[in-house]
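K.L.:
The lines below spell out each chain.
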Amino acid sequence: MQFLIATILYQEEGESSSNVSLVLPETAELIAGIIAFAIVFFFVWKWALPTLNKTLETRQQAVSGELAGAEKAKVEAESLLSDYKAQLADAKSEGNRILEDARVTAEQMKTDLLAKAEGEADNIRSKARDDASAEKSRALSDARTQVGDISVELAGKIVGEELDADAHQALIDRYLGDLETL
Amino acid sequence: MEGNIEVLKGAIALIGYGLAAVGPGVGIGIVVGNAITAMARQPEMAGTIRTTMFLGIAFTEALALIGFVLFFIA
Amino acid sequence: MDQLILASEECDVVNEVICAPADVKELFEFTDVIFSIGPLGFTRTIILFFLAAFVVVGLLYFGLRKQRMVPSKFGVVIESLLDFVKNGIAKDIIGPEGARYVPYLTAIFLFILVGNLFEVTPLINFPITSRMAIPAFLAIVTYVIFVFIGFGKNKFRFLLDTVWPKHVPIGLRWLVGLIELVSIFLLRPFTLAVRLFANMVAGHLMLTLLLGSGVIFLSAFPEIGLKALVGIPWFALGLGIYLFEIVVSVLQAYIFTLLSAVYIQSSVHFEH
Numbered sequence: 001m002q003f004l005i006a007t008i009l010y011q012e013e014g015e016s017s018s019n020v021s022l023v024l025p026e027t028a029e030l031i032a033g034i035i036a037f038a039i040v041f042f043f044v045w046k047w048a049l050p051t052l053n054k055t056l057e058t059r060q061q062a063v064s065g066e067l068a069g070a071e072k073a074k075v076e077a078e079s080l081l082s083d084y085k086a087q088l089a090d091a092k093s094e095g096n097r098i099l100e101d102a103r104v105t106a107e108q109m110k111t112d113l114l115a116k117a118e119g120e121a122d123n124i125r126s127k128a129r130d131d132a133s134a135e136k137s138r139a140l141s142d143a144r145t146q147v148g149d150i151s152v153e154l155a156g157k158i159v160g161e162e163l164d165a166d167a168h169q170a171l172i173d174r175y176l177g178d179l180e181t182l
Numbered sequence: 001m002e003g004n005i006e007v008l009k010g011a012i013a014l015i016g017y018g019l020a021a022v023g024p025g026v027g028i029g030i031v032v033g034n035a036i037t038a039m040a041r042q043p044e045m046a047g048t049i050r051t052t053m054f055l056g057i058a059f060t061e062a063l064a065l066i067g068f069v070l071f072f073i074a
Numbered sequence: 001m002d003q004l005i006l007a008s009e010e011c012d013v014v015n016e017v018i019c020a021p022a023d024v025k026e027l028f029e030f031t032d033v034i035f036s037i038g039p040l041g042f043t044r045t046i047i048l049f050f051l052a053a054f055v056v057v058g059l060l061y062f063g064l065r066k067q068r069m070v071p072s073k074f075g076v077v078i079e080s081l082l083d084f085v086k087n088g089i090a091k092d093i094i095g096p097e098g099a100r101y102v103p104y105l106t107a108i109f110l111f112i113l114v115g116n117l118f119e120v121t122p123l124i125n126f127p128i129t130s131r132m133a134i135p136a137f138l139a140i141v142t143y144v145i146f147v148f149i150g151f152g153k154n155k156f157r158f159l160l161d162t163v164w165p166k167h168v169p170i171g172l173r174w175l176v177g178l179i180e181l182v183s184i185f186l187l188r189p190f191t192l193a194v195r196l197f198a199n200m201v202a203g204h205l206m207l208t209l210l211l212g213s214g215v216i217f218l219s220a221f222p223e224i225g226l227k228a229l230v231g232i233p234w235f236a237l238g239l240g241i242y243l244f245e246i247v248v249s250v251l252q253a254y255i256f257t258l259l260s261a262v263y264i265q266s267s268v269h270f271e272h
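For the record, the sequence lines run as chains G, C and Y. Taking this note's numbering, the leading residue of the first sequence gets 1, the next gets one more, and so forth. Taking this note's numbering, the leading residue of the second sequence gets 1, the next gets one more, and so forth. Taking this note's numbering, the leading residue of the third sequence gets 1, the next gets one more, and so forth.
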């Protein structure tokens, strides 16, 4: 019995050194592992994460810068658009004004022309009237003269004596004037 | 004689690990099952539940892991 | 590859149906010193440690080197990984104070991720996190950080309130205190290290066992004839586990980082 226990104990000692080593870290590997992990850790700490942060920051800045640029461009475009709109409105009102002017001018011209034409017509009419009256008066005076002459001649012939045309002209004129008033 | 003891020891260690794995197996099943129920009931809490689930598994698993180590040591 | 060669010499393809290594240690311990700098002898494992470190450094360097307005696809992957640790883990769990711990959390996440993925990387096929040195060291660092912060922020209330929690009924207080004490100061670092270690050891064992058996049996076809077909299910199962291990690698890196953040958070916002 004691022999058996002794054998088990002996076996245990012989055995335990073999597989336990699997679950215990080996010194050389531990040192190597620490160094390897330190490399990774310091690289991540000192280079990778700062670089990533910087990249993200520049990216963010670039995006926001682009956004700001776009915003600026938009504002610019809007102001340009409003400018154009104002200009267009100006042009439209200008056009309207010109049109209105033209219309007014045309109207005025029309009235002017009409007035002028009327005036001219009046002129012509009055001139015609004047002409007519002048003609009439001339014709009248002609007729008077002739009537005088003829009357004198006639009277002379009738009376048989020569009448002094000049002496009786006044008489004839009065007579004819009386005649006219009839 | 020596070989027999070797085999016996290995077999006992195996049985020991098998026993050690039963409890954690059941436990992890309960933890994950309840976590799934909770996630199904409240999907918006899934992240928190998953974290807690892993934590619970970690605690439950401890016994199985001790058994695993003892298997190598024995 | 080394493991396969090792196993094929020992495997008894005539009598066995699966090639189990006689000693598990053979799969994890490479004692041949390839070259040495000073007192540090570089075994394959140690070379892989440094390879993992340089892979992380290289990935970060090539991902972040050019500060471009529109990052490349590779750059997007790296940036989103870093963003995931920063916002998905540090900010989500620790809160605004989490910014201070982002470098550490990022470093452990990337280092463990690459170390774990070595398990499924062809030609490397060895998770460096299955050597206890890495998980133990990282767990100790996390432990030191959260204990240091706990005492720094709360002085001795950190210890006192842990062993004598005032929100618990007086009858149970000593028991809860004891459990909390053991849980925080002993089990946390221990489980943190062992969880990663155990997952990776188990994954590596399964992969070598199944893929190794598959390849060995199939290549022994001239000697054992039709029995070589045994290798097919092993190989198929191995491929399934291979895909599964990719998920496990990423998940374990995430869980290690997450739990580190949770432990740090419990010290930053210590309330009992």
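To be clear, the hints were calculated from the coordinates, so they are not data collected in a lab. Note that the coordinates shown come from a computational prediction; the quantities given were computed from them, not determined experimentally. One or more of the hints may lead you astray.
Claimed, not checked - No more than 30 Å apart at the CA atoms, straight line, and that leaves these computed lysine-lysine pairs for DSS-like: (1) Y/K153 to Y/K91; (2) Y/K25 to Y/K227; (3) Y/K25 to G/K54; (4) Y/K227 to G/K46.
K.L.:
Now look at each hint and say whether the structure bears it out.
P.N.:
Hints, verified against the model:
1. Distance check on the hinted pair: Y/K153 and Y/K91 sit about 19 Å apart at the alpha-carbon level, within 30 Å; holds.
2. A distance of roughly 28 Å separates the Cα atoms of Y/K25 and Y/K227; the hinted pair therefore holds under the 30 Å criterion.
3. Restraint check for Y/K25 and G/K54: the C-alpha separation of about 47 Å exceeds 30 Å, so the hint is violated.
4. Between Y/K227 and G/K46 the alpha-carbon distance is near 58 Å, which puts this suggested pair outside the 30 Å criterion.
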